[in-house]
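Student: Residue numbers (the working numbering), protein chains in the order written: chain F, 1 to 356; chain W, 357 to 886; chain Y, 887 to 1201; chain H, 1202 to 1515.
To be clear, the hints were calculated from the coordinates, so they are not data collected in a lab.
For glycine and all other residues, C-beta sits at the position ideal for the given N, C-alpha and C.
Heads up, some of the hints might be wrong.
What the hints assert, rightly or not - Distance ranges between label pairs, derived from CB positions:
1) Gln-150(F) x Asp-635(W): 28 to 38 Å
2) Gly-482(W) x Tyr-1371(H): 24 to 34 Å
3) Thr-760(W) x Gln-150(F): 14 to 24 Å
4) Pro-179(F) x Arg-1499(H): 41 to 51 Å
5) Ser-1511(H) x Arg-742(W): 31 to 41 Å
6) Ala-347(F) x Thr-760(W): 29 to 39 Å
7) Asp-702(W) x Leu-218(F): 52 to 62 Å
8) Thr-1397(H) x Pro-422(W): 25 to 35 Å
9) Phe-1360(H) x Thr-63(F): 53 to 63 Å
Given next are the chains, with one letter for each unit.
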Amino acid sequence: MTTAEQTQSPPQPLINWRGLWQNIVQAALSVVLSLVVGGILLLLSGRNPLEAYESLYYGAFGTTDRFTETLVKATPLLLIAVSVSISFRCQYWNIGAEGQMILGSIFSVWVALNITGLPTLPHLALCFVAGALGGALWSLIAGVLKAYLQANEVITTSMLNYIAVYLLAYLVRGPMIDPGGFNFPQSRLIPDALELPRLVERTRLNASFIVALVAAALVLVFWRSTWGRRTEIVGASRRVAAHVGLNIPRTVLLVAGVSGALTGIAGWGEIFGLHFRLIEEIARGYGTLGIVVALLGGLNPVGMVISAFLFASLVVGGNAMERNANVPFALVDVIQGCVILLVLSRAYLFKRASSS
Amino acid sequence: MITVEMRGITKRFPGVVANDAVDLALRSGEVHGLLGENGAGKTTLMNVLFGLYQPDEGEILVKGEPVTIHSPADAIDLGIGMVHQHFKLVQPFTVTENIILGLDGWGFFDMAEAERRVGEVAAQYGLDIDPGVRVQELSVGAQQRVEILSSLYRGADVLILDEPTAVLTPQETEALTVVLRGMAEKGKTIVFISHKLEEVLKVTDRVTVLRGGRVVFGAMTRDTDKNTLAREMIGRDLASLRADQQAQVLALAGSEAEAHAGEHGTPAGVGECLIDVRDLHVIDDRGLPAVRGLSLEVYAGEILGIAGVDGNGQRELVEAITRVRPIESGQVVIAGEDATGWRARDYIKHNAAYISDDRHRDGLILDFDLGRNATLKVFDRSPFSRVGLLDFRAIVRFTRELITGFDVRAPGPSLPAGKLSGGNQQKLILARELSQNPRVIVANKPTRGLDIGAAAYVHQKLMEERERGAGILLISSDLDEILLLSDRILVIFNGQSMGVLNSADAATQTLGLMMAGTRLADLTTQEAAS
Amino acid sequence: AQDDDLPTVKVALILPGRADDVSWNQASFDGMNRAVEALEDTIAVELTVVEQVYDPVDIEPALLDYAQQGFDLIVGHGFQFMEPIIKVAEDYPDVNFAIGTGFKIAPNVGVYDVKLEQGGYVMGLIAGYLTEAGIVGVVGGVDVSEIHRGHVAFVLGAEAINEDVTVLNNFIGDFNDVPAAKEAALSQISAGADILWQSGDGVGQGVLSACEDEDVLCMGNTTDQNELAPENTIASFVYDWAPVYVQMIEETVEGEFGDAFYWIEFANEGVSVVYNEDVAEDLIDEDLQAAIDEAIEGFVDGTLDLGDLDAFELD
Amino acid sequence: MNWDLVTYSFVVGVLASAVRWATPILFAALGEVFTERSGILNLGLEGIMLMGALSGFVGAYNTGSLWAGVLVAAATGMVMGLLMAFVSVTAKANQVVAGLGITILGGGLSTLLFRLFFGLRSKPPTIKTFGTEPIPLLSEIPVLGRMFFSHNVMVYLAFVLVGVGWFVLYRTRYGLALRAVGERPEAVDTRGLNVTRLRYSALMIGGAMAGIGGAYLPLANLGLFWTQMTAGRGFIAVAVVVFSRWDPVRALVGALVFGGAAALQTALQTLEAPIPSELLLMMPYIVTIIVLVGVSRRAEFPSAFAVPYSRGEG
Ligand SMILES: Nc1ncnc2c1ncn2[C@@H]1O[C@H](COP(=O)(O)OP(=O)(O)OP(=O)(O)O)[C@@H](O)[C@H]1O
Ligand SMILES: Nc1ncnc2c1ncn2[C@@H]1O[C@H](COP(=O)(O)OP(=O)(O)OP(=O)(O)O)[C@@H](O)[C@H]1O
Ligand SMILES: [Mg+2]
Ligand SMILES: [Mg+2]
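Could you build the full structure based on these sequences and the hints that come with them?
Tutor: Put into structure tokens, the structure is as follows:
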């Protein structure tokens, strides 16, 4: 065996750069395609697509504020995508990110408000842990039901989303309501000291963005770990996993816990970086977008960073487009829907395109 | 007259030419044997004829007419039927439902009437099948008959059988032979793929041998013989093989006499008892009792063979011992330790190996690369994992060793296991299981679907392990194999042991009777009586 | 009829929902348009409206966007705009911000709100007086701020005129789940309620539809909903945001805006009771009319004060 | 808790409400039974129902015929089903995500089109709905009469389709093929049937039914279209299908269980139960999970569930 052979890349490298590149090109093409579809709808609704898209571009990248806003939006999307990339590789279809994010927020805010007398850093760390814990526990409800009672997680997690929404509604009106808040449904503000440091002055871009990037990097380590391999095997074939002596329920719990924790952290980041208190509607729609970002990035860290950024700019820019090119608000959803479906079909579509 | 003619068929897969300008002519009323090593291209060629794969080059003529076969639907219309080695039946459906599936449009149907008609056709071809039972309750042999019937029911004139006997017992093979000859008499054309030369010589009228995707030999069966065929398949003269391999090759290919040429060293009971099963009760997937009060011992340095018609509890027995399946009652002791409460993980930890009979389902992850497959059981031990992190270098190195050491025909560790031919997939599993020098080996049909070369190789490996002092439990529905390798033979019937005898004094007839449900004890008393 | 010498004001109206929701958002949208018309001859208003800004994260960028584009008055029509506005307003002292319901104000921030309790009370009087079964009901989206006050006042009004009345109260938990609202109304009706009110949004549509099906009396809210169930609606409690919008725009021009609460109430005719004559005339007798007028006068001259309604628990 | 309000007619009212809750879910669930039997999970039901609601309303509004509305909704649902089929069967994409994509698309498109068709109006466009038509004798039966037989014709249609669905699934060759393709596509393929076409057909049936389910809301219940008016009923339908174990009759039961829970929580609010409304509102979803867990051990998913089919040919 020559040294050249020995040092060749390990079996199925986690970042297959060639594949990644292809992925990006195809994804980009599908996005363009969906913008074309959106353009047609714009024409139908009597708007000028070019103007609209110009304001979309400006809205996402035009100024420092815009650009940082895009990164702000990308932060939770990336964290959720990372979480999804783990659970999906285990064929554990956790679509409960919304609920787990909410529970992450609830736990971390509770710690911020009710644990006192700690120095700032330990306190912030504790809030972080609480957020992860909240997400993990909520996710583990579905995990346990799956591991020991074979309850389909697609359904349990989506039901748990609704339950979490009402739980939050209850808390911000009852037990956790701000006494000085004239009965408006929100909790007290967290101590200023716990607000996450800004990365760029006078913008909302904050430390949670770094946390998201770190998480994306750490997932690489996860896939190189024996835990990751275990997850992969159980995902590929429950039967084989059983035959090679893996503990399937425990692996499912591990996956549910880890992915829940990551999503819980996303909730922590939203509160401690942006809202500074518990309010409603903090997670609406993030679950779905996170899943899309994950798949769009091919469940692969680098890909997910790129796609998180891409989708964030689509959302932030889209909102700006609604404001400044007064485009009907639902159009952005339509474009998003198209992006998702086209990105999913990209392999097929572009295989065809290139082969013909 | 020629019913089907394949001309210059070439089929390429990424990295392999599975079929290389293959010419094949099939005549009505003949049983045509198709031979070749694993990966020679037999299955692929037939998949092309059945419309599952599209050829890259070449043409197909049916009754002299050039045809293009886009899908099985086209093949069926042209009167071509295929029974795959991995049956393609809907398990929860009844026999009849499986057979009428896709026939006569979409509308309402009368089940009773359908079952009657299926029964008729079955009788017509002397196939013993109950149209009403669920397929999942049938033995492998019976399921195969359902597949055959399903083709005939669709009016197939050309019937392709991919390794039909790989999973059958002598009795079942006998029965099948009769059926096939009967069909040939009725003017049908049958393609018979097999690795067992003995059978091929017995059943077929004409043989074609593939090697590396090319046709290397064709002849009327009566004009050829075992050695010729073996030579053509392996591509070397038998003489070039080592003596013991020769013996095994021939043995595999045939008669007991030669089988016992594979001599046995250490008698049973010498070494310590490595597998001790006591009054074991196990239920199958449907919750029905599958193993009913069975006991056995396997000693160090011996091979205990378990003979029996498929579906008599072999799989459940094996899975209970290897701790993949829960135990209802009774006890399993591995190397002196009570394993009844173990999980599969503990079984593996105690340096015990398991070769499942269903490699696609239990043994391998087809779209994982060879490296991952090779380390499925050891990835979390050093040197493959350090402080919880995988060492890919070590994994690659290890995998290369296995590939070369066990002659797995593969370009490298990063090839998906699914791209290997069945035979090579089996070698990979074997390599993985034996690489840790196990003390206990449970092997369920270890040579299923292997060509004689590969099978001989597997046998040789098992023998080596035996010499090394491992205790081996060998399950096979192939009596030749059992007789060839075992020191002692336990016959299983209906989840119970019919008795154990030394293979030296085991005659096929006796075994056949026991496999049919007569206890050894009763047999001996009968002999005494007479 | 715009002369160029008119002072111009750039106004941005940010709605959390759809401008045609026949309710909270539409009331604001129509009110703003009426305000612009009313000011036609004195101030040239350049109005921009954006709908469905409900995700809290997206509010701040919207505010910044408008502030940087040199808008003079930015209106966030909902309580969820309060915190972001207070925050952004600091960085843009010469831009004015208005919050639709809330409790925080600043030099360049004003809060405008509706005394929904005044309407709730009057609707309660009507319901309490007209019910034959002695059971009336009210259905709302979620139990929040002005909706809460409205429901509580409805109870007080009904009890004020009919001490042994039972008031049923349901929340849907979702402003868009119209069918669920209808089921809630039907459940109140099957529990014996014979006259229903609702606190608006998609929820209102469901309630009115139920009353139409079951031929039960009902009352509208936020906009004139009498036509949605012409046979059954007695009256609608209608908001007209125009007065406060006019005031806020004028103060913006004069540079006096901010640090203030702007209420629409009976006093400034920002709210009114619009009767559905066909139904109302033969139902509302002198006594009831007297009670209603008395209440409204009480609200106008401040003699009628319901106290702190937030304290009340509803179940 | 105000027990005086609990009268015979109130209780019967709750039961009838359960049936009304169940109906749109039942339509969608029945279709999804077919879809999942063929081995495809369609999480796009929510979006398809919304498109059905919109198109059904527009259809009825423009033609003046409610039945025309139902047909338009079914057709629209079919088209959405085709879209899902292309992505999940032809392009072999991940079905969970494809479904979520369809849901986002349907939600956005229905809202957008509504605005494009009707513009900004001060009063929402409305139509006359299917009226209540008690079935002569049956509606006289105490309790059951009002619970099942005093509704609008779409409710009865749903009941009838339960029977039809059962017959097609278990008594026709199409049903046989459909069940087979979910269990063992290779078996279907090697017997000369077209796996792709079968799955397309199943998704079109599922789409049409979801479309009708969505259209039930404007056509039979409210007479108007409202953004996001399905409010999660599509996801509930998917849950119902799992605990129906892919059987049309049990799907009816499942839909009624959820409908019952929803109606019950509404009733509890009406009865001034001393529980915060937010907590009561969780009840239907909690019940769904509990029931799901109850049946899961027995719920055998179709073997090839959510697995795209492709021949060995690499
Ligand atoms: N779908 C496929 N994709 C890629 N390679 C394939 C595929 N099918 C077969 N091959 C390769 O083509 C060659 C011929 O395989 P084939 O299965 O036809 O051999 P075979 O004669 O059936 O072997 P066996 O005796 O093990 O059944 C092998 O190298 C196999 O790995
Ligand atoms: N999807 C696939 N991708 C790549 N190779 C495949 C695929 N499916 C089957 N093969 C290979 O094609 C060949 C034919 O498949 P088949 O199921 O007949 O197994 P086989 O070759 O006959 O092996 P065996 O003899 O026992 O099972 C096998 O070598 C298998 O490894
Ligand atoms: Mg083969
Ligand atoms: Mg083979």
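Student: None of the hints should be skipped; say for each whether it holds.
Tutor: Hint check results:
no.: 1; hint: Gln-150(F) x Asp-635(W): 28 to 38 Å; verdict: holds (32 Å)
no.: 2; hint: Gly-482(W) x Tyr-1371(H): 24 to 34 Å; verdict: holds (32 Å)
no.: 3; hint: Thr-760(W) x Gln-150(F): 14 to 24 Å; verdict: violated (43 Å)
no.: 4; hint: Pro-179(F) x Arg-1499(H): 41 to 51 Å; verdict: holds (50 Å)
no.: 5; hint: Ser-1511(H) x Arg-742(W): 31 to 41 Å; verdict: holds (39 Å)
no.: 6; hint: Ala-347(F) x Thr-760(W): 29 to 39 Å; verdict: holds (35 Å)
no.: 7; hint: Asp-702(W) x Leu-218(F): 52 to 62 Å; verdict: violated (32 Å)
no.: 8; hint: Thr-1397(H) x Pro-422(W): 25 to 35 Å; verdict: holds (27 Å)
no.: 9; hint: Phe-1360(H) x Thr-63(F): 53 to 63 Å; verdict: holds (60 Å)
Violation of the numbered hints given earlier is confined to hints 3, 7; the remaining hints are satisfied by the structure.
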